[in-house]
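Enquirer: Read off the chains here:
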Amino acid sequence: MSETLMEVRDLYKHFPIHAGFFRRQVGAVKAVDGVSFDVLRGETLGLVGESGCGKSTTARVLLRLLDATSGSITFEGREISNIKGSELKALRREMQMIFQDPYSSLNPRKTVGTIIADPFVIHGTKQTKAERKAAVQELMDIVGLNPEHYNRYPHEFSGGQRQRIGVARALALKPKVIVADEPVSALDVSIQAQVLNLLRELQRDLGLTLIFIAHDLSVVRHMCDRVAVMYLGRIVELASSEQLYTHPRMPYTGALMSAVPVADPRLAASKKRQVLAGDVPSPTNPPPGCRFHTRCWKAQEICRNEDPPLTAKDGGNLAACHFPLTDAEVLERVPSARSLSG
Amino acid sequence: MPPLLEVENLQVHFETEDGLVKAVDGVSYSVDSGQTFGIVGESGSGKSVSSLTVMGLTRARNARISGSVRFNGKDLLGASEDEMRQIRGNDIAMIFQDPLSSLHPFYKVGAQIAETVRSHRDVTKAQAWDRAVEMLSLVGIPEPRRRADAYPHEFSGGMRQRAMIAMALANDPKLLIADEPTTALDVTVQAQILELIERLQSEFDTAVVVITHDLGVVAEMADEIAVMYAGRIVEKADTDTIFAAPEHPYTWGLLSSIPRLDSPRGEELVPIGGRPPSLINLPTGCSFHPRCPYVREAHKRTEPKLEPVPGRPGHEVACLLPSETRRKLWAELRQGIKPGDARSDVMEEKAL
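Which chain is which? The protein sequence lines are C and F, in order. The numbers in the working numbering rise by one with no breaks, and the one at position 220 of the first sequence is 220. One rule links them: number in the working numbering = place in the second sequence (from 1) + 342.
For the record, the hints were derived by calculation from the structure and aren't laboratory data. Predicted, not measured: the structure shown is a model, and the values here were computed from it. Hints are supplied without guarantee of correctness; some may be wrong.
What the hints assert, rightly or not - Which bits of chain F does chain C cover? Going by a derived footprint, with three or more residues having C-beta under 8 Å, they are:
1) 496 to 504
2) 519 to 532
Unchecked claim - Footprint (simulated), chain F over chain C, 3 or more residues, beta carbon under 8 Å:
3) 104 to 110
4) 180 to 186
5) 192 to 203
Note that CB positions come from ideal geometry on N, CA and C, so glycine has one too.
Just need the whole structure built from these sequences, with the hints factored in.
Expert: Below you can see the structure in the form of structure tokens.
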């Protein structure tokens with residue numbers, strides 16, 4: 001469990017902005033701006049944060065769907081941030097992705113059987129048609145689809161079933177890592193639970209490593225062993241789920257938790273909702289010092305000038321903060337912490 | 343005094359090539375000034391269509407609307423298009439889910455708000471503009487005078503949603519209908535918007551109807567909640583009751599299929615099997631029966647009515663199970679017993 005599968009060090013991904021007649025580079029969107037973390041074998045690692053914080057970009061760079069600007073990514077001890085050609089193709093078999101929108105991520109003109117068999121064709125693993133069909137039907141069975149629906153088209157399936165097709169396709173090559181980018185946010189509440197349960201079961205049974213991206217903090221807590229909170233291209237806090245949700249250290253994490261509406265009227269009435277003022281600053285020109293200082297209620301002079309490193313804080317959380325939250329402050333603001341700790 | 347908004351036995355059916363779509367099929371509720379009424383349901387439950395009809399926005403040629411909608415004593419279903427135009431944006435305002443597609447990309451934000459004011463009030467352009475700036479500052483947009491001069495694409499998602507709220511509230515409406523007001527937003531912005539709606543509501547005594555699939559949002563905002571399924575209200579009660587003592591298996595399903603921040607982490611989710619029915623071919627009897635873990639043979643033939651729960655004033659439920667059984671089942675669910683393993687007499691009867 002604790003063996004490291006992937007190591008990400010000082011990862012940067014900047015998207016250049018060009019302007020003017022000569023299309024000169026006038027700036028860059030710093031989508032991922034110095035991120036380091038490990039992915040452990042068999043775990044579910046959550047990435048959370050507001051839109052534009054770089055969580056999806058980080059995952060795409062990890063899978064080599066985007067090239068990193070700089071930094072290193074190792075997979076089973078091997079550097080993968082610069083591999084090309086057949087080496088890269090071989091790597092693709094180890095890592096797969098499940099997308100957010102089950103409507104646009106499946107080709108409407110192909111049958112489900114062809115869609116799920118595509119990875120076999122591309123990587124030449126199952127040579128004959130009969131072999132592929134058997135493999136596809138087995139996959140459909142694993143994800144809870146009726147194998148007889150092999151010849152149907154995506155439009156004949158509901159949203160939840162389509163997401164299952166996406167899962168089956170991702171599982172086809174028996175990857176070691178699956179990145180799920182907002183896999184349930186397009187689904188209805190009652191269907192969400194079906195897909196979440198499926199992902200959890202598959203992970204348990206197949207020993208998958210899952211990188212789970214979502215903006216819904218309750219879903220992330222339910223799914224993940226460890227969670228990284230991102231803000232403006234950086235990881236600002238990284239901790240085990242238990243620890244993060246009961247004892248957040250970074251005021252930003254505290255604010256996120258406090259903002260989640262709780263489906264319990266009594267708890268909702270008693271909490272002191274901490275509303276973050278303003279919007280996320282632009283990633284082209286992040287604030288100096290701690291990036292969160294413009295919206296932080298605990299910010300002081302040092303926060304405006306000095307960028308805090310990601311270090312271990314009280315309770316074992318890694319957090320990038322000069323003035324981490326105390327337990328008393330957490331209890332006042334985060335209702336989940338209160339109901340869990342007594 | 344009669345309630346501000348009174349919807350009675352509202353039916354909205356659409357004729358389509360495939361058949362009659364019963365989007366809303368006999369819905370009744372009422373809202374008082376200063377109250378927040380929550381409507382919860384999945385896609386296709388009819389929650390949006392019912393409120394669009396209140397606004398007179400479903401009057402298509404293929405729509406068949408019946409029942410009654412009374413606002414301040416006035417019948418809205420029978421009102422002419424001109425009369426509705428007087429009411430919309432003035433007495434009743436609406437906030438939509440997607441602020442980018444609800445604001446005109448070509449006009450300045452301030453101009454769009456000023457237009458709302460000028461179409462209902464006899465004011466000069468300058469006065470209307472001032473009102474627009476005032477509204478933008480009320481909803482917490484920094485530098486409102488400068489921002490009024492900006493176009494929607496220059497606003498962030500949260501700011502657009504605020505601008506839309508500013509527009510909705512510009513004429514001090516008595517009723518605000520918010521259709522998934524925060525679904526497209528991040529949690530932090532969502533918290534800002536919910537706080538804003540609550541503050542404005544307490545200041546102006548506005549009645550709010552909030553339509554959402556998010557149980558957390560209604561738990562925080564609503565005084566009373568209606569749970570909709572397949573075009574009907576299946577359960578209606580005050581907010582505390584819906585969460586503490588719900589009596590409809592669908593409501594149970596919704597509550598146990600969301601992971602909660604305040605429950606132990608390892609807890610398994612209990613999804614509702616199957617999927618929402620087609621509104622053209624509704625299941626016979628109770629329309630929830632194909633997905634209900636407690637279904638009995640008779641439920642496939644008899645349609646349940648929304649009836650008061652004995653001993654609980656204000657709590658209504660449309661379920662054929664006896665109230666006593668429902669309470670036992672809910673108590674078992676709370677103890678973590680899954681629907682399939684329910685020990686209550688319902689299951690014993692099934693075994694026989």
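Enquirer: Against the structure shown, which of the earlier numbered hints fail to hold, in ascending order?
Expert: 3 and 4
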